[in-house]
Amino acid sequence: MHVISLSSFDLSLAACLLLLLAATSLRIGLGLEKRIVISGVRMTVQLLLIGMVLKALFASVSFPFVGLMSLCMLLVAGYEVWARQKRKLRGAAGYLISTGSMLISSFTVTILALTVMVGADPWYLPQYAIPLLGMLLGNTMNGVALASDRLTTEIYNQQGMVEQRLLLGHTWQEASGEIRRDCMRTGMIPIINSMAAAGVVSLPGMMTGQILGGSSPLDAVKYQILIMFLIAAGTGFGVLSAIWLISRRLFDDRQRLVLDCLSSAKQP
Amino acid sequence: MKEAPLPSICPENRAAIGLHLSRLTFLGNGPYSMDIGPGECVGLTGRSGVGKTQLLRAIADVIAHEGDCFLGDDACSSVAAPEWRKRVAMVPAESFWWYDTVGAHFDNKSPATALQVLFKKLGFSADVMRWQISRLSTGERQRLALVRSLMNEPQVLLLDEPTSALDREMAAAVEAIVVDICASNQCICLWVSHDLEQLFRVATRVYRVEGNGLSEEKQRCM
Chain A
1 MHVISLSSFD LSLAACLLLL LAATSLRIGL GLEKRIVISG VRMTVQLLLI GMVLKALFAS
61 VSFPFVGLMS LCMLLVAGYE VWARQKRKLR GAAGYLISTG SMLISSFTVT ILALTVMVGA
121 DPWYLPQYAI PLLGMLLGNT MNGVALASDR LTTEIYNQQG MVEQRLLLGH TWQEASGEIR
181 RDCMRTGMIP IINSMAAAGV VSLPGMMTGQ ILGGSSPLDA VKYQILIMFL IAAGTGFGVL
241 SAIWLISRRL FDDRQRLVLD CLSSAKQP
Chain B
1001 MKEAPLPSIC PENRAAIGLH LSRLTFLGNG PYSMDIGPGE CVGLTGRSGV GKTQLLRAIA
1061 DVIAHEGDCF LGDDACSSVA APEWRKRVAM VPAESFWWYD TVGAHFDNKS PATALQVLFK
1121 KLGFSADVMR WQISRLSTGE RQRLALVRSL MNEPQVLLLD EPTSALDREM AAAVEAIVVD
1181 ICASNQCICL WVSHDLEQLF RVATRVYRVE GNGLSEEKQR CM
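Residue numbers (our numbering), protein chains in the order written: chain A, 1 to 268; chain B, 1001 to 1222.
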């Protein structure tokens, strides 16, 4: 079965819709027209570029290329998680922790899926490896970023309470327990909700893509189920490790709360 | 009418031990050195912002510092931090509460009789444990925070302006309780206040905290 190819004309028609939206925004003084156009152009360029990269990658099937590509994706995802935090850990530690939790949440889970479950030959076959990793990074990133941001913000806002509990002889785990559990929940709830809504409210993007690409719906569904499990597990463990690593940095070896390691929040 | 004696917070007879501050230095302040004998209450005063609160925080080991504190033979640095803070209890000027009710902040290990006597002396009725935190006044929080810290059976009490939100009557009740605990439990107390009269009422010695050390304050004839 062959996919119906889209012509540049088809894409231009779709782009016109966006231009129409931008014009409306200008008309009613929304002030979003510039951003709409810029993000539209940016998205087009990014996707065209990645299309070309993937084409080359799929043609070569070389491990160093796939590895390099994955590494780039990981580093960008780590940066994204780090940049989304209002109060970041200062220095390299903040970026390393973000990237480290993305490594745990996405990389290991993807490798496990590729080697054990999908079983492509070779296991790093880019047609499977890159989209899987991309799906995992994109989805777990949200959970990890949400949880990390919430943790540093909450600890900062509730430093009086945390310190009061330390003064009463609580360990750092007890003193920050409620906050840490809250943040873990914040990070995991979105994926739990989307598992509940999958197929009923939303048809997940990957499944839609596969069906459009000509796969049988049942095959597409099986892949979607696999992906959902991987994302949920990846997000969960990524969130747990990010919260653990960050809170370890917020207390020193004498279990004192040290907030100097957080950068100050930007003025809005 | 004679008041009911305060039941011992700490049931077993504790060895009388002193507190020794050895060249405590933090945030560019100090060094502060002092010896406090068992059962002694020492007053600390000094201008606002000089670091009285930080001195207490350094003794409770919640801020980084140089030098060390010794409780008897035990150095602060050799005791696990939570254990040290149970023995050396700081009651900050502003107290924080994280559960909905007062009672949730007290664990079941709190000695019930001592608790009831303390509540009574501080003007609370017996059902105070069921009170909502959000409805407490500043003064009520301050008194309850003292009780909460006492439930850890501390050997040293670090009080940061413990009567700042209290009326004269309740301030006197807090003073009486602390003096009583020092005397009967051989508990050591460091009491920070701007009220020199109060300090000379409760403390055996009063020091003025300066940026580079402590100077003894003598009681003037009043």
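Just so you know, the hints here were simulated from the structure itself, not pulled from any lab data. The reader is advised that the hints may include incorrect statements.
Said to hold, decoys possible - Using C-beta positions, here's what the derived DEER-type ranges look like: (1) Gly177(A) / Thr1113(B): 51 to 61 Å; (2) Ala1075(B) / Ser264(A): 31 to 41 Å; (3) Gly1103(B) / Ala265(A): 31 to 41 Å; (4) Asp1068(B) / Ile225(A): 39 to 49 Å; (5) Ala1112(B) / Asn157(A): 57 to 67 Å; (6) Ala1112(B) / Gln173(A): 22 to 32 Å; (7) Ser1184(B) / Gly177(A): 30 to 40 Å; (8) Ala120(A) / Gly1103(B): 41 to 51 Å; (9) Gly160(A) / Ala1075(B): 24 to 34 Å; (10) Leu103(A) / Gly1213(B): 30 to 40 Å.
To be verified - Derived, one-sided and incomplete: chain A residues facing chain B with beta-carbon distance under 8 Å: (11) Glu163; (12) Leu168; (13) Thr171; (14) Met188.
Since we're looking at a predicted model, the values are computed, not measured. Positions of the beta carbon are idealized from the N, C-alpha and C atoms, including for glycine.
Against the structure, the hints:
| no. | hint | verdict |
| --- | --- | --- |
| 1 | Gly177(A) / Thr1113(B): 51 to 61 Å | 30 Å, violated |
| 2 | Ala1075(B) / Ser264(A): 31 to 41 Å | 35 Å, holds |
| 3 | Gly1103(B) / Ala265(A): 31 to 41 Å | 36 Å, holds |
| 4 | Asp1068(B) / Ile225(A): 39 to 49 Å | 59 Å, violated |
| 5 | Ala1112(B) / Asn157(A): 57 to 67 Å | 35 Å, violated |
| 6 | Ala1112(B) / Gln173(A): 22 to 32 Å | 28 Å, holds |
| 7 | Ser1184(B) / Gly177(A): 30 to 40 Å | 35 Å, holds |
| 8 | Ala120(A) / Gly1103(B): 41 to 51 Å | 60 Å, violated |
| 9 | Gly160(A) / Ala1075(B): 24 to 34 Å | 28 Å, holds |
| 10 | Leu103(A) / Gly1213(B): 30 to 40 Å | 51 Å, violated |
| 11 | Glu163 | 6 Å, holds |
| 12 | Leu168 | 7 Å, holds |
| 13 | Thr171 | 5 Å, holds |
| 14 | Met188 | 23 Å, violated |
The structure does not agree with the numbered hints 1, 4, 5, 8, 10 and 14 stated previously, though it agrees with the rest.
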